[in-house]
Amino acid sequence: MNNVQLNHITRSYGTIHAVRDVSLDIRSGELFGLIGPDGAGKTTLFRILTTLLLPDSGEAKVCGLDVRKDWKEIRGIAGYMPGRFSLYQDLSVEENLRFFATVFKTTVKENYDLIHDIYVQIEPFAKRRAGKLSGGMKQKLALCCALIHRPRVLFLDEPTTGVDPVSRKEFWDILSRIKKQGITIIVSTPYMDEASLCDRIALMKNGVCLRTDHPATISASYPHLLWAVCGADMYSLLLDIRAYPETYSCHAFGDRHHLALKSGKHEMNDLKHFLQGRGHSNVTIEPLVPSVEDYFMNFEEDKLCM
Amino acid sequence: MKQFLSFLQKEFYHIFRDLRTTLIMIVIPIVLVVLFGYAITTEIKNARFVVLDQSRDVTTRHLIDRLDANAYFDFYKQVENFDEIETLFRQNKIKMAVVFPPDFSKNREIKTEIQLLADASDPNESTVLIEYATSIFQSELRRNSDFTSVGIVPVVRLLYNPQMKDAYNFVPGVMGMILILICSLMTSVGIVREKEYGSMEVLLVSPLKSVYIILAKATPYLLISFVNILLILGLSYFLLDVPIVGSLWVVIFLSLVYALVALSLGLLISTIANTQQSAMLICGMALMLPVILLSGMIFPIENMPWILQVLSNLIPARWYIVALRDVMIKGLGIIDILPELTILLLMTFFLILLSVKRFKTRLE
Amino acid sequence: MYVIEAEKLTKRFGNFTAVDQISFEVSEGEIFGFLGANGAGKTTAMRILCGLSKPTSGKVRVAGFDIYKQTEQVKQHIGYMSQKFSLYGDLKVWENIRLFGGIYGLSEVQLKEKTDRILGLLDMEDKRDALVDSLPLGWKQKLAFSVAIVHEPRIVFLDEPTGGVDPVTRRQFWELIYQAARRGITIFVTTHYMDEAEYCDRVSIMVDGRIEALDTPLELKRKFCVENMNDVFYSLARKAQRGE
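Protein chains in written order, with our numbering: chain A, 1 to 306; chain B, 1 to 364; chain C, 1 to 244.
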């Protein structure tokens, strides 16, 4: 059963193609991630699905309702949290929540069970103005406001951007709990490490959808053997690995470098010698399970997306 | 209804939590009333006058011709009595009346006088008119040797505003400006701010009707302008001694109608502007300047080039100021300002229609 | 030699202590990661170090100048770049370089040379006349960084420079950081990407206005017995009490 459908959606602003021929099928009750950097077209997709923008061409349906014809109905069943902080800064936490409840023709009481888990965390600040909350708190309040009318589909546009890792983790925990209530969640993020927390993801770049699948399937389909390389002077190690003739790509990944070689089967001792010759003595090289980020970066290197 | 009320409540929170802006809205009228208390010069062209000629001789006819020939004056007609003059003044048909006493030429050896009457509800204009007419008559009489020996003193009688206070003139003007400022500017900025902060996206995605958004945004400012109307009227009555000759209720009703025009203008602007800055700029350039320059508040409309005169018809403040002067200073009733009221209401209707049509239920 | 020295740096707003007696030193050419939860006081501390705000108490020297008295000299020797504002979007690429170079008093010859060098380094020669707004975010940020160090400052402050940037460009950005550090420019950077914390020479983690940990990423991981910086951060910041 498909809850949100996009068929060949295209939308441009002037000469810029914000979204090009995107087709997606998002199932009911799914936690679906739109993963991609700034400018990938995620926000435009959200705006089309929430009926704020009309697509230039293509069809989109939310719970079987057409975004062009049935926009009024969609607005009643969708919960939307835009990328920018959209609450009233000069209203208190309580006032914001109560306001959005009435706007959506409901009361805080009626659906309190749905937001209870999240709301208890911000309840101590109920009287505080929303503008004076920390980033993580603001996100939680915005989420409460988007959930207050028990939407059937929840659209979250970059809810974790600019939020510290602790609050991000909490936020994702909350999302998995909301999912259990049977609400379909579509969430966008530029953080590739958050991809694995979704049921399925669509990788996006420059308005194009590169791939839609389970995150594990996507990372497993990474076409090369991947190695983790560690050493003492990481930056010069990176430069030297790139100078190695057999190197296909090498990127820094935290405390290690992810290395893909041109030929699949390769004797690593050769590389070790090469690096020793350049002054890297204590180099460790281990096989590695690729991540979604590896896949995404490889996509770019192969220029398949262009 | 509950949606609307809760939206309205939110709007009041915004206003009361931004005390500085609210204070400015209250203080600006006071400042302006004081500011505009001072000099505004005026120049007159083609002011219509009537003549009550009780003498009907060669000299009076000659004097009338001379006055008519002058660029400042236009002869309107001969009248038979003072009542007729009064009526014409009330109807705003004339700016001045000349009264020649019976047997003007025959009595030239004994003391004789020409009466000049002007409508002083616009004091600048009336003073200038009287001065011009006097000097024209004097030079004409001096040229005619028969009259040189006689000192002719034109007697100036100013109707409606005997003390010639400028306040009588500018209070309606300031009202016209303040209401535009508060209603249009604040409403448009209020709506555009939601676009800018992104909360409009959420509101649009909700089942909230756009009419509610518009109404709830406008209502608080309508109330604030009501406070301002009372404030200005109070200030001018107690501080500047401007009487409210006509009915206070008519004045308030008229001002509320005008506030509605201003609100609908604000709504229209909010559908055009996307940032608070541009909303302010549009209000400043497209509303305030025309109100100040074209409404007749400072510069008499009669003196403008015809194209500006035509344009001034589009300025709501023009109709409001005329009607307000009529009621406040001349003491006319609601029937006499019906034309102005109708025009203002039509403007409101048209503007609201346009803004509701333009109000987007989507982004861009 | 230390480029930044802070001793018991404190900033209070009313009865709220945003920054609570933090002390640290940053050496020349070091890449210093300045981490913390939202509202931990990072931005306030960074503002003080840039000379934008006066501390309530404590000693601070930046590039050898006293932050209380020699704010102007401090500003002459630092560069600054933030995620929110970095370049003028309605100016062309070369106009931005020229503008910021001009602000720091570069001569006509230097400006020309710098412009060519920056565009060459970023592989953006063909974008010289493009409006900055027309560039993808990642390119914009790389350009902004190059502009922030156009006057060869002693220190450059980077406030979440890579937020929202795609993974490939994000790494290219860090390579620019490495190159600048090798030239002796000290990098003071905040980020929410924990893999980027690993790229820093030393990392400090702020919690509730205080620096709770300061060491190399390797040492921090060892100290907290965890695999990666994300867990280090998590075990520290989880204890945070306050919002903002």
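Simulated from the structure, these hints should not be mistaken for laboratory data.
C-beta atoms are modelled at their ideal positions from N, C-alpha and C, and glycine is treated no differently.
It is possible that part of the hints are untrue.
To be verified - If the Cβ cut is set under 7 Å, some of the chain A residues that face chain B in the computed set are:
no. : residue
1   : G76
2   : P82
3   : D90
Said to hold, decoys possible - Result set (SDA-like, lysine to any residue): computed pairs, CA atoms no more than 25 Å apart in a straight line:
no. : chain 1 : residue 1 : chain 2 : residue 2
4   : B       : K360      : A       : W71
5   : C       : K127      : A       : G131
6   : A       : K127      : A       : R150
7   : C       : K221      : A       : K127
8   : C       : K84       : A       : G131
9   : A       : K127      : B       : H14
Structure-based check of all given hints:
A cut of 7 Å between beta carbons decides the hint on A/G76: the least distance to chain B is about 5 Å, and the hint holds. Hint status for A/P82: holds, given a least beta-carbon distance of 5 Å to chain B, under 7 Å. For A/D90, the suggested interface contact is upheld, since its CB lies about 4 Å from the closest CB of chain B, less than 7 Å. For the suggested pair B/K360 and A/W71, the alpha carbons sit about 13 Å apart, so the restraint of at most 25 Å is met.
Distance check on the hinted pair: C/K127 and A/G131 sit about 39 Å apart at the alpha-carbon level, beyond 25 Å; violated. Under the criterion of a C-alpha separation no larger than 25 Å, the hint pairing A/K127 with A/R150 is consistent with the structure, at around 24 Å. Straight-line distance between C-alpha atoms of C/K221 and A/K127 comes to about 39 Å, which puts the hinted pair past the 25 Å bound. With a C-alpha separation of about 18 Å, the suggested pairing of C/K84 with A/G131 holds against the 25 Å cut-off.
Between A/K127 and B/H14 the CA atoms are separated by roughly 15 Å; this keeps the pair inside 25 Å, and the hint holds.
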